[in-house]
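Protein sequence lines correspond, in order, to chains A and B. Going by the working numbering, the first residue of the first sequence is number 1, and it counts up by one from there. Going by the working numbering, the first residue of the second sequence is number 1001, and it counts up by one from there.
These aren't lab readings, by the way, just hints derived from the structure by calculation. All C-beta atoms in this analysis are idealised placements derived from N, C-alpha and C, irrespective of residue type, glycine included. Hints should not be assumed to be uniformly reliable.
Computed footprint of chain B on chain A; a stretch qualifies when at least three of its residues, placed anywhere within it, have a C-beta under 8 Å from a C-beta of chain B [stated by the list, open to error]:
| no. | region |
| --- | --- |
| 1 | 175 to 188 |
| 2 | 215 to 223 |
| 3 | 253 to 266 |
| 4 | 298 to 306 |
Covered stretches of chain B (in silico footprint by chain A; criterion: 3 or more residues with CB under 8 Å from a CB of chain A, positions within the stretch not fixed) [to be verified]:
| no. | region |
| --- | --- |
| 5 | 1205 to 1216 |
| 6 | 1254 to 1265 |
Protein chains: 2
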Amino acid sequence: MSLLPPRVTVREVGLRDGLQSIVTIVPTERKCEWVREAHAAGQREIEVGSFVPARLLPQLADTAAVLAYAKTLPGLFASVLVPNLKGAERALECAADLMVFPLSASHAHSLANLRKTPDEAVAELGRIRAARDAAGSKTIIEGGVGTAFGCTIQGDVDPAEVLRLMQALLDAGADRVSLADTVGYASPAQVHSLFERALRIAGDRFCCGHFHDTRGLALANVYAALELGVARFDASLAGIGGCPHAPGASGNAATEDLAFMLASMGIETGIDLPKLLALRGKVAGWLAGEQTHGALWRAGLPKTFGALRTAQVAIAAS
Amino acid sequence: MSLLPPRVTVREVGLRDGLQSIVTIVPTERKCEWVREAHAAGQREIEVGSFVPARLLPQLADTAAVLAYAKTLPGLFASVLVPNLKGAERALECAADLMVFPLSASHAHSLANLRKTPDEAVAELGRIRAARDAAGSKTIIEGGVGTAFGCTIQGDVDPAEVLRLMQALLDAGADRVSLADTVGYASPAQVHSLFERALRIAGDRFCCGHFHDTRGLALANVYAALELGVARFDASLAGIGGCPHAPGASGNAATEDLAFMLASMGIETGIDLPKLLALRGKVAGWLAGEQTHGALWRAGLPKTFGALRTAQVAIAAS
Chain A
1 MSLLPPRVTV REVGLRDGLQ SIVTIVPTER KCEWVREAHA AGQREIEVGS
51 FVPARLLPQL ADTAAVLAYA KTLPGLFASV LVPNLKGAER ALECAADLMV
101 FPLSASHAHS LANLRKTPDE AVAELGRIRA ARDAAGSKTI IEGGVGTAFG
151 CTIQGDVDPA EVLRLMQALL DAGADRVSLA DTVGYASPAQ VHSLFERALR
201 IAGDRFCCGH FHDTRGLALA NVYAALELGV ARFDASLAGI GGCPHAPGAS
251 GNAATEDLAF MLASMGIETG IDLPKLLALR GKVAGWLAGE QTHGALWRAG
301 LPKTFGALRT AQVAIAAS
Chain B
1001 MSLLPPRVTV REVGLRDGLQ SIVTIVPTER KCEWVREAHA AGQREIEVGS
1051 FVPARLLPQL ADTAAVLAYA KTLPGLFASV LVPNLKGAER ALECAADLMV
1101 FPLSASHAHS LANLRKTPDE AVAELGRIRA ARDAAGSKTI IEGGVGTAFG
1151 CTIQGDVDPA EVLRLMQALL DAGADRVSLA DTVGYASPAQ VHSLFERALR
1201 IAGDRFCCGH FHDTRGLALA NVYAALELGV ARFDASLAGI GGCPHAPGAS
1251 GNAATEDLAF MLASMGIETG IDLPKLLALR GKVAGWLAGE QTHGALWRAG
1301 LPKTFGALRT AQVAIAAS
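So that you can see chain A by itself, here it is in the shape it has in the complex (with noise of 0.2 Å):
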């Protein structure tokens, strides 16, 4: 407990592994107004899409456009999602400030998902690193492991390979790393064991949880990630997302649910909930159809949370 965090970043990647998952295309002005209000909501790191292909993502073809307007916003760190060299290359045209790498720990989601093994996409983020430096960009790279508790093609994936990779990435040129629950396989007994280890690995350069709530462990899971001390998590507004290998189920930890989950526990997270909830609200009815997740919306802000609430802007005002 008292590795507890005083403050948490709720990194917000609804508008790229949300949206990524889900048929409907939200038009640009609607992306751009999700993040104006996410940044008004007082959320300050947002990853506003992915540099692939627009055949293989149109949803995410104004990745360009978004990642612009995300880069006028004062103190609002955007980020993209970047698959290969090529995706990187555009990162550093539009100047992100972060592109993360995603590689797949489980071999064979590797080579389905990115069509490359974890030792060939190991290599493909030292070309990453290069071009970065060639550029003489200030874009951070982050190496993200996925499928880090299992897979659903594979199964079980080892925690040494995990941890394996990991250590490549940050020999690779990765500025930091991240694991995620690709799947919502963890438990939070597993999160602790594996986090541990990478923390051990990788120090202040392991920088995010990324969990889905798959079979609605997300929450355990960041607390059990939180008591030892990581203070960055990817959540995604209304839950949205969801899993292509089980349908209907929820997509990452629902940005609202986390950001009252810390807010409850005293960590500072800069989220104004209200607003946060309006945008829900907003951002849920531009995607009706599609399934919306999360628990907050529906039950409200607890009778106590008022005096929390003032507590904390007293605090974050100090």
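With the hints as your guide, set chain B onto chain A.
Here is chain B on its own, set in the frame of chain A:
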């Protein structure tokens, strides 16, 4: 982490806390079918109903009949809720294995719900203990302190008052005590703090945590309590129950999601998850039109789960 219990009891309260909160009246034969199949799926503790006047809760009017049936199943520990001495006398007549007497730590909620102050409720528990002893009965008395993390009527509830009342219940003759987040206000940090103090007071007479998933934190809260060694939790199949103050919100932790989380952590529950999921489907069918909850039933068990289950069965058999 080192305190995680190797074995945990998931106490089913769907037949009481779940059914009392929804409109549909489930016929006695179906309740008995639920109890029978929950037992067949490995559940060994079930709260079958509540001894309250039928005009107040017609959904639970057949509690004596369901209890009588439950007592025919080998190894099943059948409990009932009793709001007062009169209810306790019926529990004693029917030889329930356990009666749970609820006390609300919120003065306002106590008056509204039980028409007694919390201290008057403590006195009632003293009369229940006297009646139990006079009858020479073996029925265990559990004092459950509710609204332990706040209340929808009065807002904040002082943890010191929660603990004072818990101690008072023990002093008045409760065999054991438990804590309930009746309205879904608790966060894992609050659970850690309050349960740690409760365990210091009650030791192994502290028997159970009861968490509502109103704002999506039930399983994270369970994990926080597990880390302190708490080894019994209430749960409701399909998360039924809801909250009268939060329309559409979930009730208790969903039994199937909790059982899955525990199994994923290698904690033995005795529960056969595929059987439990089949029962969940049946019960949800009986409750057509009512809101059901939970994540596992949508997503299904992970591909990695078979090996886990086999290992657990081997441990259980060894």
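Check, residue by residue, whether the region 175 to 188 of chain A contains three or more positions whose beta-carbon lies closer than 8 Å to a beta-carbon of chain B, and give the verdict. holds (count 6)
Under 8 Å between beta-carbons, do enough residues of the region 253 to 266 of chain A, three at least, approach chain B for the coverage claim to hold? Result for this restraint: holds, n = 7.
Go check the region 1254 to 1265 of chain B versus chain A for me, would you? Three or more residues, Cβ under 8 Å, otherwise it fails. Holds, because 6 residues of the region 1254 to 1265 of chain B bring their Cβ atoms closer than 8 Å to Cβ atoms of chain A.
8 Å C-beta criterion, at least three residues: is the region 298 to 306 of chain A covered by chain B: holds (count 6)
Examine the region 1205 to 1216 of chain B: at least three residues should have C-beta closer than 8 Å to a C-beta of chain A. holds (count 4)
Check of the region 215 to 223 of chain A against chain B for coverage (Cβ-Cβ below 8 Å, three residues minimum): holds (count 7)
In terms of the numbered hints stated before, the structure departs from none.
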